[in-house]
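S.K.: The residues making up each chain are set out below.
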Amino acid sequence: MQSFRLGLLGLSILTLRAEVSFNRDIRPIMSDTCFRCHGPDKSSRMMNLRLDIREEALKPNRAGVSPIVPGDPDKSNIIRRIFAANPAQIMPPKAAHKELTEAQKRTIRQWVAEGAKYEGHWAYSPVRRPAAPTEGNPIDSFVLARLAKEGLTASAAADKITQIRRVTLDLTGLPPAPDEVKAFLADDSAGAWTRVVDRLLASPRYAEKQALLWLDAVRYADTCGFHGDNPWPAWPYRDYVLRSFRDNKPFDQFTREQLAGDFLSGVDAWTGSAYNRMTRTSAEGGLQPKEYLAKYGADRVRTTSNVWLGSTMGCAECHDHKFDPFTQKDFYSMKAFFADIKETGLVPDRGKNAWGSLLALPTAAQRDELAELRARIEEMERRMAAQTPPVPAGLLDDVKAGKLAWQFPRPLTAASQNGSKLTIYNEEPLDSMYDFRGSLVSEKKPGHGTIAASGPNPDNETYTVTFKPGAGKWTALGLEVIQDESLPGMRVARGADRFVLTGFEAAVNGRPIPLVLATDNVLYPVPEHPVMAVLDADPATGWGVTMYGEGRNVFLALRLGAPLETSESDVIAIRLRHDSKYRRAVLGRFRVAVSAATYAWPGTTAIGSRDRKTDEEGLPEEALAALKVPAARRTAEESKALAEYLVWASPEFQASEIELANLRARRDMLNAQIPRVVYSDRTEPEITRVLARGNFMDDSGEVVKPAIPAFLGKLPSANPTRLDLANWLVSADNPLTARVFVNRMWREFFGQGLSKALDDLGSQGEWPTHQEVLDWLAAEFMLPRYQGEGAHAWDVKHLIRTIVLSDTYRQSSLPRPEVKAKDPENRLLARQNRFRVDAEIVRDIALASSGLLVEKFGGPSVRPVQPDGYLAALNFPKRDYSASRGDDLHRRSLYTFWQRSFLHPALLAFDAPTREECAVNRVTSNTPLQALVLLNDPEFVEAARVFAQNTLAQGGGSLSQRINWTFQRAVQRPPTAAEAQVLTGLYRKSLARFKASPERARQFIGVGEAPAAAKANPVDLAAMMTVTRAVLNMHETVTRN
Amino acid sequence: MKDIFEIQRRTFLGRGVAGLGAMALRTLWGAPPKTGFPGAVNPLHYPAKAKRVIFLYQAGGPSHLETFDSKPKLAEMHGKGMPESFTKGQQIAQLQGRPLVCFGPQYGFKKFGKSGQEMIELFPHIGSVADDVCIIRSMWTEQINHDPAHTVMNTGSIIAGRPSMGSWVLYGLGAETDELPGYVVLFSSGKGGQNQPIAARQWSAGMLPSKFQGVKLNSVGDPVLYIQNPPGMAAAAQKESIDAINRLNQAQNAALQDPEILTRIAQYEMAFKMQSSVPGLMDMSKEPASVLEAYGAKPGDGSFASNCLLARRLAERGVRFIQLYHRDWDHHAGIKQNIPLKAEETDKPTAALISDLKQRGLLDDTIVVWGGEFGRTPMSQGGDGRDHHIKGFSFMVAGGGFKPGISHGATDDLGYAAVESPVSVHDFHATMLHLLGIDHKRMTVKFQGLDVRLTGTAGELVKEILA
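Residue numbers (our numbering), protein chains in the order written: chain A, 1 to 1041; chain B, 1 to 467.
It should be emphasised that the hints constitute simulated quantities derived from the structure, not laboratory data. The C-beta atom is built at its ideal place from N, Cα and C for all residues, glycine as well. Be aware that a few hints might be false.
[Unchecked claim] Reference excerpt, derived from the structure (chain A facing chain B, CB under 10 Å, subset only):
id, residue
1, 29
2, 31
3, 523
4, 524
5, 814
6, 872
7, 911
8, 913
9, 978
10, 1005
Work the whole structure out from these sequences, hints included.
M.R.: Written out as structure tokens, the structure is:
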């Protein structure tokens, strides 16, 4: 594959100088070709020969032959073996498939001849601030000196439009606004550039761009990652990262808070400690807790060592590192720092203990209101619990006789407001598959009053069902929600991940029937959707259930304000409203029920099936069980269960029951509004052992204490904590953190790192092209000295400001033949680079150019439009996507709900990482799927439409003015004549097409939910939309030049 | 094979642009491909027997004891305690802390074909092609829960972020078509069992560029995400827009000579080709009734049968790696009731696919794999089901240079552990890659400073199953 290494080869030719340097020239070769068998890992070491340490490499073997004789290549065995003509003798052996090139062989020989001088690995030696060769910005000084040595010159500054687009994209992730471009073009004063940079650094958008890199690295996501990949509360941590960048929190403090926030005080630091919880976690039944605790611990070592140390310690989970001096013991000693995090192997994804340690973040007002509600509820509960109503005589007989059983009248009509097709299955057979205790069961049986929805699937819907209850005296209405596998939303709703019934109204012969108390049999109530909300006046709130873990049909019982007497001919109509913000959280199958009992509890035996196995229902299961026990033998618990039911059922306590239910509903809805975040809570540390070959079942390994990698030093404390680890990471004793961070930041401003291996500064990484720049910036980052007025230690903004104020940064990116010939990869920075922007920014540019972007800093994650069925392969629970509404459809992409197992396909197409693992090196690919996203994704088509609306409204009167306006908005420059001609041609052809078929124009401009232009002619708008769409698809639009 | 990003750029540079890389000229079998792109393993390490793979992934963990691994001794032991000698110190999933009781095979086995291969009696159709298939009865894996076990099966690693086997194969061999993605993933589910979730990670390109990732072909909605033109946009109008976009990009490139722009232009052309060819791929109306009948496919129903037929059509069109997930083999309960449902869904289409490929001369260079992420315990769960099991399970393979009509390896008498010629997932990967012309030890990509390979640090070729 050597032909693909042109760039690298080119560089090594460039850098080959008189004297060979071990670190620059030899270590990369040896690391790649020798160290696997003759390096740090003793278990794979061959012939007991070690070449990574000089003393070892000079030692003669038993036969008296020295691998290396400094100054005498001919006597050095490694040279003999490297140059051996005999295939059986040659090193590296043929089977290793690690052939050395002739140039590499010569380099090694030269190095031995020059005395075989070893050097410590560059990245592991202390950071020293190199002196810049000249005055001015040291970045420029180092870069220019290097260019001069290679006989190259720097490029002139880019034109001003390119400069302002570049720096605005790099610092804020958005293109500059037209007036910002204009102001910069008009400002020829000396401080113009600095003013632009400082304006951008002060913008909250700066944080929205810079946080991306960090969120990838710490694998921030909105779901837990394994198996059901359910949503967990994480976004407050994302906001913590955003605030930290916005407020320019010192990076050392940022480090301490994330690794050890639970050792510090303050909500901000505790929120930061969510870092420790971002590891993928599993709630899969049957997992072995010990195995998963081992996985979580290993993930933390991989992530922490990569984020701060730029090291691949993950290799040392099973064996000593093959290339760097990390031992297996180092891996487990690092893991031991995290052994005090309170967690379980199976992290529940539902119920009261969902997600383990959670930090609630209420406002003061929320806290007070919640406390007050809780006090009132407690008070009432105490009062109610003191009640012990007598058990009505004959209650058990009534239950056994089925007198408390719900009746399912056969509907007469079922109609929908927004087009769903409703079919009544009375005696007609209905095919269904439902979840029963975790397994799918299928059956085909008469519907017995089931209503099934199909056909059009609107976001919101209202059903009206009529039926004749027959002659009787009724006390309650009921609703059974029926599962079926065909329903994408949890098997009950026609979409989303829940159903939400926002209103239930009933009338008899047109007269409203008052409903006073709502009760359900849900095992895992959703605080956001308490059952009483179905009766409140607010159309946005309602009874909602996610069905996850229910394992049976759920049932809603609605008590009537007063018993209702009906005759044979009376018709009851009920109206089911689904007006929540969740799209298609609309019931798919259900039955209505009536009860004449005083009072029937929600039907609990109607499990999945439409046929009850028993008529013994109408009481909660526990109460029924208690009732069957003779009064004298009831336990306290049984008596309590029975009493609770009787209080609930007793007309005497009805007013109190309603008040309590309403208080609970208010408490739950308030609770649902309070943000929460997973965070690290401390406990007694688990014992950490070295696991032989990473095997979690092996308990024979050495017990280790928390320690930093031995070759990097030793912490003073006898029992160091995560806080000690964090302090060491950002101390002068650690050579890596600042270098790693600076190198990754450099990628944001030049498209690649000074060392391209952003994830490995170890010996398998790449020697940095400009070590002086890297080291100088690392030193400057830790302790600002250069134009550092007002800057503090570990000052991220100062670091970035220093980079973008350099002339190196401001250079033109236009190719130059002499540079291309000598340095095809532009590693020496004789010009700036051109590169596609990151996935989030691709969409943000479209939103900003078109005028669709809604800017709001922070908050819960949002769900932009996504193709239907994209989540179909998920289960536990089965769910469908529900896009946000209104403004939240057009927020910046970093706020997009990050579903690890199925990341938004448009982000995925543009190489956004899934954040299942720490990712510090986004690739930048260029694929047909990207073209399909930009061309056809409704999000981008909608952007083109709104862009066109704005063009028609604001872009001037003539076509050329409009094309010009469009171009300026997307790429900040006017089109060339040739470009304008292409777009003019496209517009004219499109106009003719849409004139010929105006229906197509109307369809085309109908994409997206953003408001349509009131005045625009559909044909003109559609034609202009092809222009804006083409502009949004241009390579230049998604490229930073 | 050091710098994957460079490969990506050069690969496209090679296409119709001045300054052809040496890479672009040397291609898979000597001549430059008419379409697609060349692979990174170039030349191939071995003469390739197979050019493509159809992986019929039976997700959820099919019971080997009710498919391909007959265990009369287990039937004898039914209801008796599982000897501790088998289970002591071994990993257990949902049966943790429960009594371990033998649970006999729920259906009889039959010998099929001249080769006399033994299979469950519920597989008469696969039985009818018994002489074309090779049964591996000694598979084992290392992860006992679905999600990580899928990840090991697909990527060879439990750590997320590694490329899946389809990506490896596409990366190594390159693509043979511009009109369809080189790695396609299909889904189906049926009755009985649980629809275990399957994350997109399973067909991810990991640290390889995203052009190597699997593209999921949907039976509902757009077959490929965003493949449909926006509403109101006719194909000719779309072409006009793409032409305009490409002319704008060409205008830029005139000044810049930027290979990324040329790549972008090529991608738009390919996107349009995909838009044009996908509807034809999905349209099965021209398939003869006899073919539909043989597979048991009803076009558009999204069934495993329809997907098998679609797989053949994808294979014919040059798709390199085709992976069909058929879900709900997770039979913790009701195995007796559920296995016939699964057999009904998979037996006929699997056999039809093998016969159809054979008849068309495609079986010789197409590897067909039938299997899941693990097997199931010989012990009962809840009296009528089986738990997850990693120490022994079965795979069935056909075509592409696998030795037909043989069985390989064996589990012990109770079907617990692979004891004779055990084949790890890594061994299987190594063997599959070998047939595709790739030495798994030599196809590596640089990641975090390491030469990462599909098979990790393990994996040995299983020579006995090569034709």
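S.K.: Determine for every hint whether it applies to the structure shown.
M.R.: Hints, one by one, checked against the model:
no., hint, result
1, 29, "13 Å, violated"
2, 31, "8 Å, holds"
3, 523, "19 Å, violated"
4, 524, "19 Å, violated"
5, 814, "7 Å, holds"
6, 872, "7 Å, holds"
7, 911, "6 Å, holds"
8, 913, "8 Å, holds"
9, 978, "5 Å, holds"
10, 1005, "8 Å, holds"
Violated hints for the displayed structure, listed by number in ascending order: 1, 3 and 4.
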